[in-house]
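Using the hints, position chain B against chain A.
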Amino acid sequence: MAEDAALIAHLLRRLTFGPFPGQVDELIAQGVPATLEQLLAAPALTPDEPQLGTGDDYSVMRNWWRRILVSRDATLPEKILWFWHGHLTSSLSKTEPGLMLIQHRTMRQHALGNLREFLQAMTIDPAMLEWLDGNGSTAEAPNENYSRELMELFALGVGNYSEADVRAGSIALAGWGVNYDGGISTYFDETLAPSEPVEFLGRMVSRAAEVVDAVCEHEAFASWIVGRLYEFLVGEPPTDDRRTELASGFRDSGLEIRPLVEAIVRHPSFLEVRMNRPRTGIEWFAAAQGFLDAEFEEWRLYELSHMPFEPPNVAGWPGHERWVSAGAVMAKAAAAWEYSGDTPTFGTDDPVAEVLAKAGLYEVSDETRAALQDAADSVDGRREKSTLLHALVPCTPEFNLA
Amino acid sequence: MSNSFSRRDFLRWASAGAGAAAVGGGIWLTGRNAGDGPTGAAPVIREPRPVTTDGSVDTDPEPSLTDGASTDSVAELPATIPPTADPSARRLVVIEMGGGNDGFSMVVPYGVGGYYDRRQRTSIAADSVQVIDDTYGLHPSLTRLFDRGGFSVVQGVGSFAPNLSHFDMENRWWTGDPTRNDGYDTGVLGRLADLIGDPAAAAVAISHGQSNHPIIRSNRAATMALPGSGGGYLSGADPGDVVRYQFQQAFSRFASAGGDGWLGKMRRADGLAAGFAAKLVESEQAQYAAEEAGEEPIQYPGSSLGEGLRFAARLFASDSLTRVVHVPMHENFDTHDNHLDPYAQIMNGFDEAIEAFRLDLERRSLADSVLIMTTSEFGRRINDNGSNGLDHGTASTALLIGPVANGIYGELPSFDDLDETDNLKATIGFDQYYGTVFERWLGAPTSEMFGGSVSLIGDLLA
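Chains as they are written, first to last, in the numbering used here: chain A, 8 to 409; chain B, -17 to 444.
Isolated chain B (complex conformation):
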């Protein structure tokens, strides 16, 4: 890829809200039909809500393939650490697997009848998976994750009225509306930041990318794209580095002048920027100091994921007001052909980055306060295609990693009851997935985010 944006980059970075975004305070304008999810009080559900592709409730469901949460059968995985009890100390990292992640390669349903029939050339061999229980195993490349434990698998996450377009579904995930791509003119993490953010924060939510990602667009809270520059421009110059030092001195005087009107607002933004830059520099300097003192630096892979997670760990260690970091992966999950080998490479890189991050968090005493959640606009088709690949799908599997119970949550979609595009029917709306994490992990009242209550997922994070 040259330095000009490719089409995919474009879709990723271009502003969302194509089409008719609701405006003028219209973030609650989204129509939510009755089949889109229960409203009112949020009952905790263990069983999936059987649904048809049009979102209506199926009153005569087929028997389900698994029993939902099956935490009892994963006793061999290491015990996981308990989360910090203080919700205000908790942080969230959202890893976006853009392109459409095949959940059945990440968490392989090796014990489910039909998997090997439908995946003639793209299945993961049963004897190679890392056995979670007698139904599921982790991808063979996820060795460090398996050894460390602390992961909850959520099955069947998607939309009850799916679309197979990257653009459409990405925008739905970014804005947080499973039914349409233009239901909100804010991003789902932006609205989360509105709910949980400290007004003094320079950035409640940060997207690790070069532009203001649609997912962090907020109504009130400060959110930002990671400044590609880091904090060194506005903070931390050595007095001996005279010009840079004087630049920062003068800038801090702009920031501290106060006042009313636009001049005052601009100076306050300058102050927030200088403060945030200082946090970034502090985090870098703490790292250097530790390494000077003989601490072996944590080796992150050089991928965008590795860079994003390294940034998140350092920031969380020095800035208690940034609560959410969004890290888009720049890997090709869109495996229309030749799925297996590239996917194994992606998983290996993912595993390596996650392991580095968790070691880093452990060293910083943050392991009990940072949760990772994965997202992807959709999964891939259950039947493989003629090119040893997998076409666009619907529901997929998501992972929570961190101080969480090992186990399988939600409900595997039926492999036999497919929709009209031969795709799986989601068993959990992604607003439920978001809602469960936001509410149970961060204490955010999700009824204020999704235009009504969403049912939380079983005892996930409970």
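Here chain A stands alone, though its shape is the one from the complex:
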């Protein structure tokens, strides 16, 4: 078993956007189990909301959440909120800031709550109605977009529904729209909803809430959600046995999200999956600027293609491979270099160990360690040593893994 510091750093990488300098040192005295419990018990943030209508609201929204996400305040609830943002997606690109703020409130309310209630709320959320074309859809001329994505991406996965279900779902979902008069609200127009029930996933439904219930009670639902959340937290898919076990517990809980998260994280295997995936764009951004005690410019996060409120499409951000690219490497090297000039000098006579600990890296390959050591030995001045090592560490292969 690895040393406690490595395990604590791992927990911080997975359950927050850190680790940030000094965090591992603060937690190590209480040990790994207590740290895990502390991270699981972290309360959700209740941040002050962004002030819209005062400038470029798109920019205001992006900057507001980015600053929260990349801060030390962002703990497990914020990380799970980020998961849902990439799973039950909507984007500013087809909505607008006021809509996304309403959706964001809904997500904060439900992120660790009951998934059925969450999905009921998201189905008639104004931003979602715009994003997946539910707005104004009628039983006579239903738009299939939400019905399809609800089953394909959000809840069941391909193979667990038919085209007839997509069609029927779209009819039963009809009647909802977004009202922009005097603020943003949703409305339901019964005259645009179906007058007769339709057969959807093997039962008769005629309203959006019944569609969501049918999806939540489908045998594939718990398993699909377990798979997505497990992969987010663990970095790889669950084994069949583990998936079945977790899905069973999730169903028994009445689709409560927090117990599912805890069941995944508390399993002994969670401590073993260290560095089995790349750090995502925003994870690197947060950890690197924290390490350098800097605030990176927003455009650097665009270079890493991981901007809050702007998932690339309805499927959310792509898988692990896309976080590994030469373009991202160049962007990261530029950021690390530009912000390393003013970093503090080292207090010990082992600057490599000191800087790696500051970055939360306790399991580093011999090659990386040797390259850092030779670099440290190649310059004499304390200032130069600090600049060089601070620029290099965010560029190490290990810092780019989670």
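Hint data in this document are derived by calculation from the structure and do not stem from the laboratory.
A portion of the hints provided could be inaccurate.
To be verified - Label-pair restraints from in silico Cβ distances: (1) A:E345 to B:A107: 46 to 54 angstroms; (2) A:W306 to B:I63: 38 to 46 angstroms; (3) A:E361 to B:S238: 21 to 29 angstroms; (4) B:G368 to A:G189: 28 to 36 angstroms; (5) A:E304 to B:P64: 40 to 48 angstroms.
To be verified - Just some of the chain B residues that point at chain A, by a computed CB distance under 7 angstroms: (6) A184; (7) Y215; (8) V225; (9) F229; (10) A232; (11) F236; (12) M248; (13) D252; (14) L254.
We put the beta carbon where it would ideally sit given N, CA and C, even for glycine.
Frame of chain A; chain B shown alone:
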């Protein structure tokens, strides 16, 4: 514009695929109805396919206004250079005129009846155009392009089922599906890179912008946004610049350590980045060396287009594996009011940048291997509005510039047979336009890009 993104910047840079992008290997899921373009073997067409706005074939077409390709009548333009015969040596620059470029101001149909009737306040005077033939002339500001020659004009490019939203049509052009904005979850240049890219390339296609543009999103091939930083961070430090030099030395050791798993993949990406950075630095250093030796530097305009083209020329000269560079123009083509003067300024800047690029390519012996194609999400309405401007349109005119034959290709849409939004009916789907360039210039099998064969455009690039 402040350093925060404007709405337009946002639309430009924001990720595409709004709405329900097909996922899970679904890039061929796009439904293509029968009227969307012939499938099967790709016959070479000279005549336009008459279509109605719903995309169905019109069986009783009105007589066309021109005869299609009319290369015979442009004998006065200078002879153009033949392209290199080796398709693998050919590169493509895609210049995106975002905002909706008015094709009839760029290439003026001064000899077509109806142009001056419909454009009361926004037409380009017949006596000011640079005469290509008795029907068309270049915008008066495109003097250098006219003098140098080597341009093919493609008429009537657009969608057979158009939409008038910037967002919708941009995303269609970026993803390469004329019928919808969410038909592919990859970009059209990303899929092109998948087909023609060398696996050893750090970037087969590059977008000259700050973020990973949707147009270069690929399945396999390496594509990237231009690193705003250039290559100097990872390559080229002087040993006397000790800290920077040691930074690069250590980084190259990360890159060369090899290995399996994610650590190995990360190190390979580091290696690609270092290699690409070296190419960028090499290209800069070659430029400095030439200037030291007394070579007069090519003067590019300071616009984003000028910067993008300068970058492309230097990169092409030093890196043979990057095949495509996408350069979005940051000019206001969206001329809803007061069209004429701003448009003339844009054309002047365009002409200046293109001329600099072509001189640069010539000097680097690349003039026969680089083709420029222009794109724009749509053209502008044929009737001008009450504000001396032009509202959103549909079909537009595109330009190919480089080692190509001078001439007019495709078919001018009828000015009298308009759609229900009073807009022109496209005569060429933009997938045909892309397909013709990708297939004939780069040898890419376009049937693997567009979910089926597209008809290539006459003898354009043939």
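Restraint check, 7 angstroms cut-off on beta carbons, for B:A232 near chain A: holds, 4 angstroms
Per-residue hint verdict: B:D252, partner chain A, C-beta under 7 angstroms: holds, 6 angstroms
Interface hint status, B:F236 versus chain A (Cβ within 7 angstroms): holds, 6 angstroms
Interface hint outcome for B:M248 [beta carbon to chain A under 7 angstroms]: holds, 4 angstroms
Proposed interface contact between B:F229 and chain A, which counts if any beta carbon pair is under 7 angstroms: holds, 5 angstroms
Satisfaction of the hinted span 38 to 46 angstroms by the C-beta atoms belonging to A:W306 and B:I63: Holds - the Cβ-Cβ distance for A:W306 and B:I63, about 39 angstroms, lies within 38 to 46 angstroms.
Interface hint compliance - B:Y215 to chain A, C-beta minimum distance less than 7 angstroms: holds, 5 angstroms
Satisfaction of the B:L254 interface hint, Cβ to chain A closer than 7 angstroms: holds, 4 angstroms
B:A184 as chain A interface residue, shortest Cβ-Cβ below 7 angstroms: holds, 4 angstroms
Assessment of proposed distance window 28 to 36 angstroms (beta carbons of B:G368, A:G189): Between B:G368 and A:G189, where Cβ atoms are some 32 angstroms apart, the hint holds.
Per-residue hint verdict: B:V225, partner chain A, C-beta under 7 angstroms: Status holds, d = 5 angstroms.
Assessment of proposed distance window 21 to 29 angstroms (beta carbons of A:E361, B:S238): 26 angstroms Cβ-Cβ, so the 21 to 29 angstroms window holds.
Consistency with the previously given hints is maintained throughout, with no hint failing.
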